[in-house]
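Colleague: Full structure from sequences and hints, please.
Residue numbers (the working numbering), protein chains in the order written: chain G, 1 to 250; chain C, 1001 to 1423.
It should be emphasised that the hints constitute simulated quantities derived from the structure, not laboratory data.
Here a beta-carbon is modelled for each residue, glycine too, at the ideal position from N, C-alpha and C.
One should not assume that every hint holds.
With a Cα cut of at most 27 Å, we get these calculated DSS-like pairs of lysine-lysine [what the hints assert, rightly or not]:
no., chain 1, residue 1, chain 2, residue 2
1, G, K94, C, K1110
2, G, K220, C, K1100
3, C, K1110, G, K87
4, G, K94, C, K1165
5, C, K1100, G, K250
Part of the chain C face toward chain G, derived, beta carbon under 10 Å [unchecked claim]:
no., residue
6, A1062
7, D1073
8, T1114
9, V1116
10, D1223
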Amino acid sequence: MRRLILLIVIAVGMSLITISGITQTFSGEEILKKVDDNQYSESKIAVSRMIIHGRRGSRTIEAKTWIQGADTSFTEYLAPAREEGTKMLKLGDKLWMYSPSTDRTIMISGHMLRQSVMGSDLSYEDMMEDHRLENLYDAKVSGQDTLDGRPCWILDLTAKKEDVAYYSRKIWVDQERFIMLKENRYAKSGKLLKTTQIRDVEKMDNRWVAKSVLFKDVLKQGEGTEFILDSIQFDVPIPDYMFSKAALRK
Amino acid sequence: MIKFLLKGLWRDRSRSLFPLLTVAIGVMLCVFLYSWMNGVESEFIRSTAHFATGHLNIMSRAYANEADQVPNDLAMIGIDTLLTKLRANYPEIIWTPRIKFGGLLDIPDKNGETRVQGPVSGLAVDLLTPDSPEWKILNIRKSIVRGRVPEKSGEILIGDEFARKLDVQPGAIATLITSTMYGSMSMTNFTIVGTVRFGVAAMDRGAMLADISDIQNALDMQDAAGEILGFFPDDIYHDKLAEKITASFNARHASGDQFSPEMATLRARSGMADYLNMIGSYAGIILTVFVVILSIVLWNAGLMGSLRRYGEIGVRLAVGEDKGHIYKSMLIEAVMIGIIGSILGTVLGVAVSYYLQIKGVDISFIMKNTTMMISNVIRAQVTPPSFFIGFIPGLLATFLGSAISGIGIYRRQTSQLFKELEV
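Modeller: Listed below in structure tokens is the structure:
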């Protein structure tokens, strides 16, 4: 019996040493890099749904997105009928939108970037962000937490430059899978602007992917926007013409 | 006695001219100021009613709570049925639906790329129904500067100043970029068929006027509207009647649903109640100030008159005239001067006010950056009270002035009179 107790004590002690070892091993910058590396791929093609829970009910918007690198993407809306054929092209820091009903391509700029995308809790500015957070923020580990039974690091991110949509963020990173499980985005004044909760995580192509995410614009009434990833392919070749303004009209 | 005193006043101009002029000028200013404030208030009510709230205003409860943000996602749905009911229950009121919206107006170049764009505040009203009351309410036909009025779907008017800023001519295509009722981005092409000058700086700078059915399609607001406006047929706001209709309507729609319609009066919407109360108290303040100032001036005039008439009063006392009788005759003189001066002042005040009612004063140079719904031309307004309001300070001030200065009569000692008169 004494032996058993001793074994348990040793096992618990080893576990604690291991966990504290992990905690001490990674700096905030390193954790953030791992989070970015897990998300990043040369190219992606994803089909997703956004379920927008407004004050008057919910509606679902389906889209297919082609992503190249960190700052090039092309999105085509598939449903509902009113949005079908609407396309968005992001090239670096520029964003264009094509509306089939007017046959016009409009550059989204200035204050329009702060508007909601299709009535969701996401803004165009959110979509314009560099996919790699390490390029935008300095990270510092501020604590640990457990979310849905999973141990997490809490990282405080502070903007490296002024022209970012959110001056600071607090992110909860899964200590094992290096994926964000929760995020709060703040203004420079410290006011909470948006929250993100990852509800479902799945392993695909050897990386952890958020399958279901709830975005909430804190300043907006409603139940938030649910983002559901139906399918995703990594590192698939995408022809260059896809990321041209000409492709918007096709 | 009155005839005797009148003769005295007429023959001794120095006794009557200065007080008469003072009263006339004071009354004229009072009448003019009253009519001017009347005009400003009426203009403010008229502009606010026509361009913003109507005399009666119906919104969903949720929309009303955030009305300054124009939250079309909280607009009323089922307005056709509601309008039918309103027209049946309150046939004496003119009911018309409206949608306010904001967005960008994008003007393409020949390749369809953006040439220029500017923020637009839009107003969607019923333009295509032949008997639409909006033509008269917004005075659209007379406001056209260039081009023509919309005749079919897809045609819009924009502010003339806005058109010049965008460098567009009637006939140009413009794309309205805005959000639908459900928050999606919406792009809709329109043809600008004319430019208008609304006469309200806040609108002339960046407004567009479109038919409500076009905007319902663009904003995905079928059978929906942000507001339903009600107007009294004489285009004058009747507060008590408005309150009565509002109470009756709200009693019928007393459900707790945030999207159920709620009626409010012009006074209650957009903080107009405070403003109208303020204007009301200003009229009272102006009258009081005028009475006080005129009283002081006329008291002074009375004192000077008394000094000048020192000998006359002394003689009258010496020959045995009663002090009370002298005091009474001076008060009657004052009332006569007050009446004549008030008549003169009222005639002059009404004349000046009427001139400014017709001509108006262009204040557009100070309205450049304002967001208030007020006309660029402010006019005085002559109303029945304009004809008698001046009599209050005119009579009161002369009477008070003489009453105060005349008290000196009672201080005169009969025994000292001959000494004083150096007889």
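Colleague: Please name the hints from earlier in the document that this structure breaks, with their numbers sorted from lowest to highest.
Modeller: 5, 9, 10
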